[in-house]
Amino acid sequence: MNGATITALLETSEGALTVVKDDMTNSYSIGLRTLSKLEWKDISEELYLLLMKELKEQKGMSFPS
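If you read the sequence shown in the working numbering, its first letter stands for residue 1, the second for the next number, and so on.
Hints listed in this document are in silico derivations from the structure and should not be mistaken for laboratory results.
Small disclaimer: the values here were computed from a predicted structure and weren't measured.
Treat the hints with care, as some may be off.
Unchecked claim - Below, a list of computed lysine-lysine pairs in the DSS-like style, where the Cα atoms sit at most 30 Å apart: (1) 56 with 37; (2) 53 with 41; (3) 37 with 21; (4) 41 with 21.
Full structure from sequences and hints, please.
Right, here's the structure in full:
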């Protein structure tokens, strides 16, 4: 996705849970992608930042700045 930062929070062989920061539209979303479908919901910037902050502190997680 051009102009967006996509971060996989959890990944399995069946799919992934991701958060997206879209710089072109200045919006944020959380999504669940599986082999058969993709669902996402818009979230606030505050929730996005909170998720990134909390998960950055966990061992083994690395995210873009």
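Here is what the structure says about each hint:
1. Pair hint residue 56 plus residue 37 holds up; C-alpha atoms about 28 Å apart against a cutoff of 30 Å.
2. Distance check on the hinted pair: residue 53 and residue 41 sit about 20 Å apart at the alpha-carbon level, within 30 Å; holds.
3. Of the pairs offered as hints, the one joining residue 37 and residue 21 holds, with about 20 Å between alpha carbons and a cut-off of 30 Å not exceeded.
4. About 12 Å separates the Cα atoms of residue 41 and residue 21, which keeps this hinted pair within 30 Å; it holds.
Of the numbered hints stated above, none is contradicted by the structure.
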